[in-house]
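Chains as they are written, first to last, in this note's numbering: chain A, 1 to 133; chain B, 1 to 133; chain C, 1 to 133; chain D, 1 to 133.
Treat each hint with caution, since some may be false.
Just so you know, same-sequence chains aren't split out, so a pair can sit in one copy or run between any two.
Pairs of lysine-lysine residues, derived as DSS-like cross-links and limited to a Cα-Cα distance of at most 27 Å, are as follows [to be verified]:
1) Lys67 with Lys133
2) Lys95 with Lys133
3) Lys117 with Lys95
4) Lys95 with Lys79
5) Lys67 with Lys95
6) Lys67 with Lys48
7) Lys48 with Lys95
8) Lys117 with Lys67
9) Lys117 with Lys48
10) Lys133 with Lys48
11) Lys79 with Lys48
Hints are computed from structural coordinates only; laboratory data are not their basis. Just so you know, these numbers come straight off a predicted model, no measurement behind them.
Protein chains: 4
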Amino acid sequence: MHHTTEIVVRGYHIDLYGHVNHARFVEMMEEARWRFFDDRSSREALSKTDSPVVVVNVTIDYRAPAKVYDTLIIDTSTKSIGRTSAVIHQRITIKESDTVVVDADVTFVAIDRVTGKPVPIQGIMRELLEAAK
Amino acid sequence: MHHTTEIVVRGYHIDLYGHVNHARFVEMMEEARWRFFDDRSSREALSKTDSPVVVVNVTIDYRAPAKVYDTLIIDTSTKSIGRTSAVIHQRITIKESDTVVVDADVTFVAIDRVTGKPVPIQGIMRELLEAAK
Amino acid sequence: MHHTTEIVVRGYHIDLYGHVNHARFVEMMEEARWRFFDDRSSREALSKTDSPVVVVNVTIDYRAPAKVYDTLIIDTSTKSIGRTSAVIHQRITIKESDTVVVDADVTFVAIDRVTGKPVPIQGIMRELLEAAK
Amino acid sequence: MHHTTEIVVRGYHIDLYGHVNHARFVEMMEEARWRFFDDRSSREALSKTDSPVVVVNVTIDYRAPAKVYDTLIIDTSTKSIGRTSAVIHQRITIKESDTVVVDADVTFVAIDRVTGKPVPIQGIMRELLEAAK
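The following block holds chain A by itself, in its conformation from the complex:
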């Protein structure tokens, strides 16, 4: 099941062009991923995983601008899971509208804490990702 969360656009998210700045979307998507893990697992469980994940690629399509007071809905879901990597899709829409603001793919790799080499995605991390398809 997809995870969704809301963020209201404030004056400090806006840049010279009167719209939400690109870097702010990257931050909002990170916030949504933190909430996804917070809502569906415990910090204790996650902190026990042997293999942290690192972001290796972000691909963002900016489809429409967002402006102050827009309530953004950030939908986070699993697009694909391989042995050592996974792709999370994040779509930002404006609440009570059909407007898609951003479509993004975020690719992670699980790595060994010591060697830094890719390792299989396992345990609670794989469960969370499977459940968010």
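Chain A is already provided as a structure; the job is to place chains B, C and D on it using the hints.
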């Protein structure tokens, strides 16, 4: 000719993981593009262009982490120019090393100020992009 | 009545020193003020006020560090209201603890939209500030 | 001798009101302090000091707005030094004008790395602060 600029990593660029946060790279790449236009044109000339450009896609490969006190070199160049759109490539490396931190493609479209429809990239904007191949 | 709101500390709020960065607190206090006005008035009502307010002074005491996963409670209240200016007090504490992280005073002045000169704080703005004592 | 550095205002520094956002000034002042220490000492020397300094108070007067393309001059100097604490003054002006944008006092305390208790400001830190009066 490529444009290059430097940014030193400070404590406020760093996040929980001890490395430069993703959103900060997006901001640093925006800073580099502002400097590119600043260094190679005048604000007066640019402000006269009929057609502003908007970013429609950013694709970022994170290749290596950057840490505090690293001097980052941001190389900005034109990857391709079409009739109404162009792709700028930005590569971030760590000074005095072979370490590539980020490789990114930023795709722009020129739009009509009134209708918002794509229009040909012309004038000084096309000249600047052609010169940065 | 004071207004309170919560923000959970995320990895991107943290800086080199492992604690929430100062600029982030300034941003969090701005977010809390936006929520205060959102929760207690309508945008339509506020947008009709003749005199926008501008921040002229911020005084922040940093009393204790905040770290990732802390749930911050931001308490916003009116400290004093004069004819043309007011002081809002914002206190940030860590939920389920006695730890005060930040105490701040934010001083605003109401100004005339055209002349920029200080004018009396009136209407809904004064009502909201009086009610938050 | 005061330390001065320049930062050009970009589109991403600007917020809804068309001016540099407050939190950005706090970040710019931190950047200026990093450059101050970078320009006048070595990282090796500073990293050897026994007692790190922590900011305990920031008091900021916002005197005038700054807008895109303004070149800001950030002047950093020592206002006072006590036994365990010091106050740095930072003034931001717009280049080639008499406009003061921000006046700020930043109060630091030297603390013991282990106990967290205030300790005397000594060595290179005291020398740097004395020299910036």
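| Violated constraints from the hint list, given by number and in increasing order | Per hint list: single violation, 1.
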